[in-house]
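Asks: One-letter residues, chain by chain:
There are 2 protein chains.
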Amino acid sequence: MSIDFSFMDQVLSLHADDMDVVVQPSVPWMSLNEQIKDSGLFFPVDPGPSARIGGMVGTSCSGTNAVRYGTMKDWVINLTVVLADGTIVKTRRRPRKSSAGYNLTNLFIGSEGTLGLVTEITLKLTVVPQETSVAVVTFPTIRDAAAAAAKVMRAGIPVAAMEIMDEVQMAVINRAGSTAKKWKEVPTMFFKFSGTKAGVQENVKLVKSIAKVHKSGNFEFAIDAEEQKTLWSARKESLWSMLALREEGHEVWSTDVAVPLSRLPDIIEVSKKELDALGLFASILGHIGDGNFHESIMYNSKDPKERAAVEKCIKDMVDRALEMEGTCTGEHGIGLGKKESLLKELGLDTINVMKSIKGALDPHWLMNPGKIIDLPA
Amino acid sequence: MSIDFSFMDQVLSLHADDMDVVVQPSVPWMSLNEQIKDSGLFFPVDPGPSARIGGMVGTSCSGTNAVRYGTMKDWVINLTVVLADGTIVKTRRRPRKSSAGYNLTNLFIGSEGTLGLVTEITLKLTVVPQETSVAVVTFPTIRDAAAAAAKVMRAGIPVAAMEIMDEVQMAVINRAGSTAKKWKEVPTMFFKFSGTKAGVQENVKLVKSIAKVHKSGNFEFAIDAEEQKTLWSARKESLWSMLALREEGHEVWSTDVAVPLSRLPDIIEVSKKELDALGLFASILGHIGDGNFHESIMYNSKDPKERAAVEKCIKDMVDRALEMEGTCTGEHGIGLGKKESLLKELGLDTINVMKSIKGALDPHWLMNPGKIIDLPA
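Chains A and H supply the protein sequences, listed in that same order.
With the first letter of the first sequence counted as 1, position 119 gets the number 119 in the UniProt record's numbering; the numbers rise by one all the way through.
With the first letter of the second sequence counted as 1, position 44 gets the number 44 in the UniProt record's numbering; the numbers rise by one all the way through.
The following block holds chain A by itself, in its conformation from the complex (with noise of 0.2 Å):
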């Protein structure tokens, strides 16, 4: 089946002057970035390139701007809602900041549909910063990347974006040309400076003098605005990456948990030896700055021991995650495939607020059934 998403796809209203912009749910934040370029604002939330502001709602999303500006529920002012009674709510009005009445908008965001049909979202605006720098680093192990990574969060630094790959997803975007250059296939963490000319400058020193305690290569940085581009796409375009080059009956499942800082550098070394003990096309890449990483993993679906493998290698990632006191996912959501990790992060008892909610406003279970929580026996 293929959706037509030129439906609902419409930039309302530019507010320029209050910071804030009205669209429909339709609209991707790419092309919502693009519209409004000339106000010199942005909407600073940038998760897949493919991603559409309804479903960035739906998943409560973020993306590589997170670890400056926040995830998607920090950015949403209000949503006009259809309920499953036919009822049409709006969230809030348009100030950028109210104590009114119970925070219905951050109920809906990340509630995947299954509280109410978003027609119309007012979103808060940041200024384009000045300057941006784009930076490549490498490094021996990624444990060593991961422990520079939460140095620098430690350090109250203020990185635009700090990203980790390995050296297997190096690898796929070397494999899949989707940069000019050619990377080394090596531990690597891609950050992002922005704001003023001296800012970014005085960032740059004090990441660099953390980085290389923990045995960083030097820093590659970006020429130009192109060059910034490439090398954050070569971030950005991971995943497609990795799916370009599956072959015939693969799959690729990626994934996603959070844990407390400092957990970081334990969780990824252990996952990481698990996925490479899977003999499998698999990789690990990350939020790093947030303590949100992922995993994706190539799979012949047609083989049910090797889906199988997976899908063991990834529930032991999960319970992981959730023994050092972290989240199944950090980004991606529930859905169907994490309800049983969602019951075992939360308990019982918090799994029975969120249906009773449910369960009020929308008593029949009309809305995305069955995701988040089971339908009532």
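There could be a bad hint or two in this list.
Per the computed footprint, the stretches of chain A lying under chain H, defined by three or more beta-carbons under 8 Å from a beta-carbon of chain H, are [unchecked claim]:
| no. | segment |
| --- | --- |
| 1 | 51 to 63 |
| 2 | 138 to 152 |
| 3 | 167 to 178 |
| 4 | 233 to 243 |
| 5 | 259 to 266 |
| 6 | 270 to 283 |
| 7 | 305 to 315 |
In silico EDC-like cross-links for lysine to aspartate or glutamate, where the CA-CA straight-line distance does not exceed 16 Å [what the hints assert, rightly or not]:
| no. | chain 1 | residue 1 | chain 2 | residue 2 |
| --- | --- | --- | --- | --- |
| 8 | A | 124 | H | 276 |
| 9 | A | 355 | H | 226 |
| 10 | A | 212 | A | 144 |
| 11 | H | 124 | A | 323 |
| 12 | A | 344 | A | 319 |
| 13 | H | 151 | H | 276 |
| 14 | A | 151 | H | 17 |
| 15 | A | 229 | A | 34 |
| 16 | H | 355 | A | 362 |
| 17 | H | 181 | H | 226 |
| 18 | H | 302 | H | 247 |
| 19 | H | 124 | A | 247 |
| 20 | H | 312 | H | 276 |
| 21 | H | 344 | H | 362 |
| 22 | H | 151 | A | 224 |
| 23 | H | 90 | A | 349 |
| 24 | A | 197 | A | 224 |
| 25 | A | 344 | A | 323 |
| 26 | A | 124 | H | 325 |
| 27 | H | 197 | H | 131 |
| 28 | A | 344 | A | 303 |
| 29 | A | 315 | A | 274 |
| 30 | A | 90 | H | 349 |
| 31 | H | 90 | A | 325 |
| 32 | H | 197 | H | 224 |
| 33 | A | 90 | H | 325 |
| 34 | H | 339 | H | 311 |
| 35 | A | 37 | A | 17 |
Derived coverage of chain A by chain H (criterion: at least 3 residues anywhere in the stretch with Cβ under 8 Å from a Cβ of chain H; other residues may be distant) [claimed, not checked]:
| no. | segment |
| --- | --- |
| 36 | 80 to 89 |
| 37 | 345 to 352 |
Keep in mind the hints are simulated off the structure, nothing from the lab.
A quick note: this is a predicted structure, and the numbers were derived from the prediction, not measured.
Glycine included, each C-beta is placed from N, C-alpha and C at the ideal position.
Position chain H against the provided structure of chain A, taking the given hints into account.
Replies: Below, chain H alone, put in the same frame as chain A:
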């Protein structure tokens, strides 16, 4: 009645490497920051000096730092809540980011105790900035000051705080003798800058040039940390200063609204005129970077005519905020006093969604009954 706040006032565990802390609800935010200062971390949400974390969760509060750091809802990782039926739930584990199920954390934040009793809170912390600078600058009119503030935001200059106080509020500080210095009794803005040395210098320069266009006087900078504290305390103690000036039988009515940024100069100008027309001791001050401001009016609570005039003045300000697509409260919450305004702001259908959530979690309306929403008839 005096309340014993020593109950549940413990900082339970500081995870410095994860940059979070677990506290009980009766911990004052100022005491929390005092207790954790050796870690180099702090909790940035700074409402009135007497506020405690539990109350701050209840009202979804903010404070002067909100323009840089956001509000309460951005700094809570998880809550432990006792529900009306005695069930104890935890809304999340301890990752800084999660999209696992409904965002119950943000549902309880700002629910003013009507959905459950919060017994434990995990808060995000951030790194104390290297450099802080505090400056004070005067403007010929409050409209000039508000217009300058809107421009500073629109230019994307990352001020740490930006507060406005009218001439009356400056007089209050002088009369209460809360600071050693005598202030000019004219509209005044307080700026806080923070970051690295170079960053602070750069931001000061940018703000100065905008302020000048809006007819500012000279910037006065604090010469050292002690003077910074004094300058900032003049702002933080503004409400206490006013309360200290009360005569027998007088009360201070303090309330807030927020509007989209571009409407701030308009609403402040008109509201100021109406406030002056009351002929009472009344001031405007505000977190102007968020489009949020406060009125404080001293009145004779034994004079029904005077009280009625004050009530009308405030109602008019709230209605004006709503006409401008704003909110009846940016950070104080609804309580009993603003239920009618909330209904006007969001409409019956949205209130009914809140009602059905309340009914689902607290079917007998036991928790803080009558706040935010009327009890069912």
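Asks: Work down the list of hints and note, for each, if the structure agrees.
Replies: Status of each hint after checking the structure:
1. With a threshold of 8 Å between beta carbons, the proposed coverage of the segment 51 to 63 of chain A by chain H holds, since 4 of its residues qualify and at least three are required.
2. Restraint check on the segment 138 to 152 of chain A versus chain H: 1 residues with Cβ-Cβ distances below 8 Å, three needed, restraint violated.
3. Evaluation of the coverage hint for the segment 167 to 178 of chain A: breached, as 0 residues show C-beta separations to chain H shorter than 8 Å, against a requirement of three.
4. Remark: the segment 233 to 243 of chain A is not confirmed as covered by chain H, as 0 of its residues place a Cβ nearer than 8 Å to a Cβ of that chain, below the required three.
5. As drawn, the segment 259 to 266 of chain A meets chain H at 5 residues by the rule of a beta-carbon pair under 8 Å; at three or more, the given contact holds.
6. Figure legend: the segment 270 to 283 of chain A, annotated as covered by chain H; annotation inconsistent (0 residues with Cβ-Cβ distances under 8 Å, at least 3 required).
7. With 0 residues carrying a beta carbon less than 8 Å from a beta carbon of chain H, the segment 305 to 315 of chain A misses the three-residue requirement, and the given coverage is violated.
8. A hinted pair counts as satisfied when its Cα atoms are at most 16 Å apart, and residue 124 of chain A with residue 276 of chain H does not qualify at roughly 34 Å.
9. Straight-line distance between C-alpha atoms of residue 355 of chain A and residue 226 of chain H comes to about 53 Å, which puts the hinted pair past the 16 Å bound.
10. Between residue 212 of chain A and residue 144 of chain A the CA atoms are separated by roughly 10 Å; this keeps the pair inside 16 Å, and the hint holds.
11. With a C-alpha separation of about 20 Å, the suggested pair residue 124 of chain H and residue 323 of chain A falls outside the 16 Å cut-off, and the hint is violated.
12. Annotation: proposed proximity of residue 344 of chain A to residue 319 of chain A holds, straight-line Cα distance about 9 Å (limit 16 Å).
13. Our distance criterion of 16 Å between C-alpha atoms is broken by residue 151 of chain H and residue 276 of chain H, whose separation comes to about 26 Å.
14. The hinted pair formed by residue 151 of chain A and residue 17 of chain H meets the criterion: a straight-line CA distance of about 9 Å does not exceed 16 Å.
15. With a C-alpha separation of about 15 Å, the suggested pairing of residue 229 of chain A with residue 34 of chain A holds against the 16 Å cut-off.
16. The suggested pairing of residue 355 of chain H with residue 362 of chain A holds, with an alpha-carbon distance near 14 Å, which does not exceed 16 Å.
17. Between the alpha carbons of residue 181 of chain H and residue 226 of chain H the distance comes to roughly 13 Å, so the proposed pair stays at or under 16 Å and holds.
18. For the hint pairing residue 302 of chain H with residue 247 of chain H, the CA-to-CA distance comes to about 12 Å; that is within 16 Å, so the pair holds.
19. A C-alpha spacing of about 44 Å is found between residue 124 of chain H and residue 247 of chain A, which places the hinted pair above 16 Å, so the restraint is violated.
20. For the hint pairing residue 312 of chain H with residue 276 of chain H, the CA-to-CA distance comes to about 14 Å; that is within 16 Å, so the pair holds.
21. This hinted pair does not check out: residue 344 of chain H and residue 362 of chain H have alpha carbons roughly 25 Å apart, beyond 16 Å.
22. The hinted pair formed by residue 151 of chain H and residue 224 of chain A fails the criterion: a straight-line CA distance of about 30 Å is larger than 16 Å.
23. Between residue 90 of chain H and residue 349 of chain A, the direct Cα distance comes to roughly 9 Å. Compliance with the 16 Å bound is thereby established for this hinted pair.
24. Restraint check for residue 197 of chain A and residue 224 of chain A: the C-alpha separation of about 14 Å stays at or below 16 Å, so the hint holds.
25. With a CA separation close to 10 Å, the supplied pair residue 344 of chain A and residue 323 of chain A stays within the 16 Å bound.
26. Between the alpha carbons of residue 124 of chain A and residue 325 of chain H the distance comes to roughly 15 Å, so the proposed pair stays at or under 16 Å and holds.
27. For the suggested pair residue 197 of chain H and residue 131 of chain H, the alpha carbons sit about 6 Å apart, so the restraint of at most 16 Å is met.
28. Under the criterion of a C-alpha separation no larger than 16 Å, the hint pairing residue 344 of chain A with residue 303 of chain A is inconsistent with the structure, at around 28 Å.
29. At most 16 Å may separate the alpha-carbon atoms for a hinted pair to count; residue 315 of chain A and residue 274 of chain A meet this at roughly 11 Å.
30. Proximity of residue 90 of chain A to residue 349 of chain H is assessed by CA-CA distance (about 9 Å); at most 16 Å being required, the pair is judged to hold.
31. At most 16 Å may separate the alpha-carbon atoms for a hinted pair to count; residue 90 of chain H and residue 325 of chain A meet this at roughly 12 Å.
32. Simply put, residue 197 of chain H and residue 224 of chain H have alpha-carbon atoms about 14 Å apart, close enough for the 16 Å limit, and the pair holds.
33. Straight-line distance between C-alpha atoms of residue 90 of chain A and residue 325 of chain H comes to about 12 Å, which keeps the hinted pair within the 16 Å bound.
34. Distance check on the hinted pair: residue 339 of chain H and residue 311 of chain H sit about 14 Å apart at the alpha-carbon level, within 16 Å; holds.
35. Under the criterion of a C-alpha separation no larger than 16 Å, the hint pairing residue 37 of chain A with residue 17 of chain A is consistent with the structure, at around 14 Å.
36. With a threshold of 8 Å between beta carbons, the proposed coverage of the segment 80 to 89 of chain A by chain H holds, since 4 of its residues qualify and at least three are required.
37. Note: the segment 345 to 352 of chain A has 7 residues with beta-carbon separation from chain H under 8 Å; the three-residue rule is met and the coverage holds.
The structure fails hints 2, 3, 4, 6, 7, 8, 9, 11, 13, 19, 21, 22 and 28 (numbered hints given earlier, in ascending order).
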